[in-house]
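Asker: Given next are the chains, with one letter for each unit.
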Amino acid sequence: MSPSPEAIAVAAILFVVIAAYALFGGADFGGGIWDLLAGSAERGAPPRGLIDESITPVWEANHVWLVFILVLLWTAFPPAFAAIMTALFVPLSLSLLGIVLRGVGFAFRHTAQRLRMQQLTGAMFAASSLITPFFMGTVVGAVATGQVPVHPAGNVLAAWTSPTAILTGFLFVAACAYVSAVFLVLEARQRGHQDLMRYFSLRATAAGVLTGALAGGTFAELPVSAPHVFAGLTGIALPLVAISIAAGIAVLGMLWVRWYHALGLRVTAAIAVAAVVWGWGLAQYPYLFPTSLSLAAGSAPTASLVAEFVVAGLAVLLVAPGFALLYFLQQRRLLTAAETDSDLRLAARPGQALPGQPAAAPAPAATRMTTALVLAVLAIKAIRDVFSPSHRQ
Amino acid sequence: MGAVAHVLAVDPVPARSQMGSSLGFHIILACFGIAFAAVTMTAEWIGIRRGDAAALLLARRWSKVMAVLVAVGAVSGTVLSYEMGLLWPGLMGRFGAAIGFPFSVEGIFFFLEAIFVGVYLYGWRRLPAWAHWWSGMPIVVAGVLGAMSVVAANSWMNSPAGYTLRHGKITRVDPVSVFFNASTPYETAHMVLAAYMVTGFLVAGVYAVGLLRGRRDRYHRLGFAVPFTLAGIAAPLQVMMGDIIARFIAHNQPVKFAAMEYVPRTTRDVPEWVGGILISGHVYFGASIPSFDSILVGFSPHTRVIGWDSVPPAQRPPLVTLIHLSFNLMLGLGFFLFALAAWQGWWWWFHRRLLVTAWFLVPSALGGVAAVAAMEAGWVVTEVGRQPWIVYRVLLVSDAVTPASGVPVTLGVILALYAILTVVSIGVPMIMSRRLRQGAPAEEDAEQVPYGPSPAGAGASPAVPRASSGGPEAP
Numbered sequence: 000m001s002p003s004p005e006a007i008a009v010a011a012i013l014f015v016v017i018a019a020y021a022l023f024g025g026a027d028f029g030g031g032i033w034d035l036l037a038g039s040a041e042r043g044a045p046p047r048g049l050i051d052e053s054i055t056p057v058w059e060a061n062h063v064w065l066v067f068i069l070v071l072l073w074t075a076f077p078p079a080f081a082a083i084m085t086a087l088f089v090p091l092s093l094s095l096l097g098i099v100l101r102g103v104g105f106a107f108r109h110t111a112q113r114l115r116m117q118q119l120t121g122a123m124f125a126a127s128s129l130i131t132p133f134f135m136g137t138v139v140g141a142v143a144t145g146q147v148p149v150h151p152a153g154n155v156l157a158a159w160t161s162p163t164a165i166l167t168g169f170l171f172v173a174a175c176a177y178v179s180a181v182f183l184v185l186e187a188r189q190r191g192h193q194d195l196m197r198y199f200s201l202r203a204t205a206a207g208v209l210t211g212a213l214a215g216g217t218f219a220e221l222p223v224s225a226p227h228v229f230a231g232l233t234g235i236a237l238p239l240v241a242i243s244i245a246a247g248i249a250v251l252g253m254l255w256v257r258w259y260h261a262l263g264l265r266v267t268a269a270i271a272v273a274a275v276v277w278g279w280g281l282a283q284y285p286y287l288f289p290t291s292l293s294l295a296a297g298s299a300p301t302a303s304l305v306a307e308f309v310v311a312g313l314a315v316l317l318v319a320p321g322f323a324l325l326y327f328l329q330q331r332r333l334l335t336a337a338e339t340d341s342d343l344r345l346a347a348r349p350g351q352a353l354p355g356q357p358a359a360a361p362a363p364a365a366t367r368m369t370t371a372l373v374l375a376v377l378a379i380k381a382i383r384d385v386f387s388p389s390h391r392q
Numbered sequence: 000m001g002a003v004a005h006v007l008a009v010d011p012v013p014a015r016s017q018m019g020s021s022l023g024f025h026i027i028l029a030c031f032g033i034a035f036a037a038v039t040m041t042a043e044w045i046g047i048r049r050g051d052a053a054a055l056l057l058a059r060r061w062s063k064v065m066a067v068l069v070a071v072g073a074v075s076g077t078v079l080s081y082e083m084g085l086l087w088p089g090l091m092g093r094f095g096a097a098i099g100f101p102f103s104v105e106g107i108f109f110f111l112e113a114i115f116v117g118v119y120l121y122g123w124r125r126l127p128a129w130a131h132w133w134s135g136m137p138i139v140v141a142g143v144l145g146a147m148s149v150v151a152a153n154s155w156m157n158s159p160a161g162y163t164l165r166h167g168k169i170t171r172v173d174p175v176s177v178f179f180n181a182s183t184p185y186e187t188a189h190m191v192l193a194a195y196m197v198t199g200f201l202v203a204g205v206y207a208v209g210l211l212r213g214r215r216d217r218y219h220r221l222g223f224a225v226p227f228t229l230a231g232i233a234a235p236l237q238v239m240m241g242d243i244i245a246r247f248i249a250h251n252q253p254v255k256f257a258a259m260e261y262v263p264r265t266t267r268d269v270p271e272w273v274g275g276i277l278i279s280g281h282v283y284f285g286a287s288i289p290s291f292d293s294i295l296v297g298f299s300p301h302t303r304v305i306g307w308d309s310v311p312p313a314q315r316p317p318l319v320t321l322i323h324l325s326f327n328l329m330l331g332l333g334f335f336l337f338a339l340a341a342w343q344g345w346w347w348w349f350h351r352r353l354l355v356t357a358w359f360l361v362p363s364a365l366g367g368v369a370a371v372a373a374m375e376a377g378w379v380v381t382e383v384g385r386q387p388w389i390v391y392r393v394l395l396v397s398d399a400v401t402p403a404s405g406v407p408v409t410l411g412v413i414l415a416l417y418a419i420l421t422v423v424s425i426g427v428p429m430i431m432s433r434r435l436r437q438g439a440p441a442e443e444d445a446e447q448v449p450y451g452p453s454p455a456g457a458g459a460s461p462a463v464p465r466a467s468s469g470g471p472e473a474p
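Those protein sequences? They're chains C and F, same order as listed.
All residue numbers for the first sequence refer to numbering that gives the first Met the number 0, where the first residue is 0 and numbers rise by one.
All residue numbers for the second sequence refer to numbering that gives the first Met the number 0, where the first residue is 0 and numbers rise by one.
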């Protein structure tokens with residue numbers, strides 16, 4: 000029985016969302032990893048500052064992508080969702096722990112006053128950036144190797160502790176660090192930090208090479224552990240794999256010759272990630288779990304699939320104008336950081352001039368803003384505004 | 000919370016406790032997601048309309064708090080999405096195709112809400128006054144519709160509809176019937192009103208404390224009056240709604256109703272129990288009003304009320320005393336809040352002044368806590384009352400729970416983390432307000448917002464005329 004066109008369409012949407020999460024979420028987690036590796040409080044201050052500035056407005060967006068993945072999976076492919084959630088209870092719980100710790104650490108970090116407290120919450124944030132992608136990688140590895148039983152009777156430890164799954168976990172961590180470093184090069188360039196550009200350019204290259212090596216290692220395991228996916232990757236999905244590899248090498252080349260073109264570098268890095276995610280999806284076809292659960296057997300009734308399709312369409316229809324509005328307002332410079340209360344106090348105090356410029360964030364480039372606006376809830380920024388040093392004067 | 004008491008009674012206990020505590024935590028933040036924008040926008044409306052600087056300042060500060068709470072809510076909401084699968088794979092595997100649809104719809108509204116919170120928060124300085132006000136409107140609408148979507152998923156568990164089962168597998172789904180099941184309108188209205196009450200009474204409570212400490216300036220009066228008014232409007236509606244819902248439950252889920260009201264046998268002239276503990280079929284320490292339950296259900300003492308003897312013992316909810324007392328607590332607190340609102344309303348009607356005696360302010364300061372307790376009690380009633388079913392009369396909780404070991408561990412971790420998150424979401428706004436007060440308490444009133452009535456501009460005129468509506472008072 001071949002899968003219905005509706006099932007294929009929803010699976011395609013699912014993989015678009017997974018690619019988006021891998022890219023945006025990956026960059027976000029990667030920022031935390033570089034934060035972790037930035038060294039002592041003194042030496043690591045400049046890169047940490049840049050990471051913090053770049054991530055703050057966007058870190059929540061990832062929840063939207065992740066929640067969409069979960070919802071799509073449980074509505075469109077309920078048996079697969081139930082089996083994954085049961086068999087991989089442990090790595091999924093650990094990745095969830097990472098997500099919560101990350102949120103708490105990030106929120107606290109900006110309100111913490113003392114250095115010790117800042118270090119503690121910062122470490123919490125950074126460590127969770129490491130464990131979340133790792134365990135998500137083991138989950139993907141477990142699914143791709145077909146180790147998840149369709150009707151698991153409980154935890155299946157062996158599924159996510161196989162060499163392939165563990166390697167995939169490390170691969171995810173390296174890929175996050177790589178994507179993030181590439182983006183951070185551009186962030187540094189935009190802010191005119193020459194030294195940080197070199198700093199992250201070097202790290203992007205190192206992480207890129209490491210990612211390539213880990214990908215090669217994982218690939219070498221596949222013929223034995225995941226023959227179906229291996230056949231797919233070397234067959235129908237080969238063009239996507241080739242594109243991913245080419246894009247990855249192109250990024251390294253661009254960094255080598257210091258051609259820091261904002262759009263070019265960003266898009267090429269995005270292609271490198273998205274192509275390999277789609278390649279994985281295509282290689283699994285027509286299975287949800289190769290080769291025990293097929294797309295046809297594991298998908299919901301047609302009406303549910305159509306409903307998901309409609310919801311995705313509605314999301315685009317409703318959310319797109321929202322973005323357009325945001326973009327329009329942003330372009331016309333109508334959105335600025337809320338002024339600090341001290342500005343207001345100055346305004347109210349007779350005879351004192353309002354500072355010429357409110358404590359606004361530097362107007363970011365259009366591309367970054369687009370990402371930033373997706374995420375929209377700029378809460379942490381707001382807290383920081385309230386506690387900014389200028390306020391305490 | 001019911002979760003803890005539940006530990007001793009039911010089989011999939013750790014999973015239920017974890018779900019209960021996660022939901023019990025998230026629901027408070029969700030209330031702010033639903034209702035806080037309306038509170039903030041009311042203050043802003045007053046500020047723009049009457050040129051009131053204090054109102055604008057309140058609105059701007061509230062919008063910052065709103066952003067913090069939405070952020071924490073995003074995290075706790077993600078936890079819940081995970082837990083749907085981690086804890087209840089038996090539910091999602093079998094019925095995900097049906098129950099998943101309302102959750103997908105909710106995703107859209109969450110997205111919209113996030114976008115416009117961004118516009119609202121960052122548009123204060125440069126957007127024209129009314130344009131900024133309108134940018135908050137989608138948050139209010141998306142809040143209500145998003146609440147409806149999530150509540151629809153819970154309603155579906157109480158009134159499953161819109162699917163066809165064949166050999167235990169879903170073969171057809173009608174997403175519209177899933178979304179608009181019999182319970183959806185009742186639960187949605189109840190929850191949205193509850194969200195307005197929780198948010199309104201909690202925010203008003205903060206300023207009631209300020210007023211009690213003698214900060215009786217316009218800033219604090221408005222900070223109290225605006226949220227209290229919204230919550231006060233919701234309170235009588237909630238009492239009415241509650242009465243309607245009780246009759247609906249008596250009809251739709253009679254066994255749940257029987258547990259709520261201590262109705263062991265199906266009879267007429269059923270008494271209404273107030274308080275009381277049920278021990279081996281006897282009610283101790285309770286007061287009963289003869290035939291009143293029958294009157295409430297059917298407007299006549301001779302109305303037949305279905306008791307829990309109508310189903311075999313295995314299908315009756317556990318912890319009947321907990322259900323009954325939670326129900327009573329919700330009712331009692333609901334009437335208490337209604338009385339507070341009526342008192343203030345009466346005073347306003349005849350005196351056109353805000354009632355600020357300590358006799359009124361002390362209970363008002365506790366109003367928010369009461370509203371939260373009432374809402375949590377209500378969720379205990381509906382969730383524990385549905386037991387042992389996860390999907391009413393279709394799927395047992397014990398068939399839905401995960402076979403994976405390790406839930407007790409995750410339960411412990413979740414409880415610890417939520418303790419921390421609670422500290423964050425209460426502590427951060429508290430630190431914020433303390434910092435703000437230390438800044439310049441005397442000028443709290445006089446601070447200007449960009450498009451306020453400010454004649455100050457860049458501080459050009461030495462004598463800044465205060466907003467006409469209220470001068471600053473020393474604290």
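Read the hints as simulated data drawn from the structure, not as lab findings.
None of these values were measured; they are calculated from a predicted model.
All C-beta atoms, glycine included, are put in the ideal place defined by N, C-alpha and C.
Worth double-checking, as some hints may not be accurate.
Unchecked claim - With beta-carbon atoms standing in for the labels, derived distance ranges:
hint, chain 1, residue 1, chain 2, residue 2, range
1, C, A323, F, V175, 23 to 33 Å
2, C, A205, F, G167, 50 to 60 Å
3, F, P235, C, A323, 38 to 48 Å
4, F, D242, C, S1, 50 to 60 Å
5, C, Q118, F, T421, 16 to 26 Å
Asker: All the hints need checking, so say for each whether the structure fits it.
Answerer: Here's how the hints hold up against the structure:
no. : hint                        : verdict
1   : C:A323 - F:V175: 23 to 33 Å : holds, 29 Å
2   : C:A205 - F:G167: 50 to 60 Å : holds, 53 Å
3   : F:P235 - C:A323: 38 to 48 Å : holds, 41 Å
4   : F:D242 - C:S1: 50 to 60 Å   : holds, 55 Å
5   : C:Q118 - F:T421: 16 to 26 Å : holds, 23 Å
Checked against the numbered hints given earlier, the structure satisfies every one of them.
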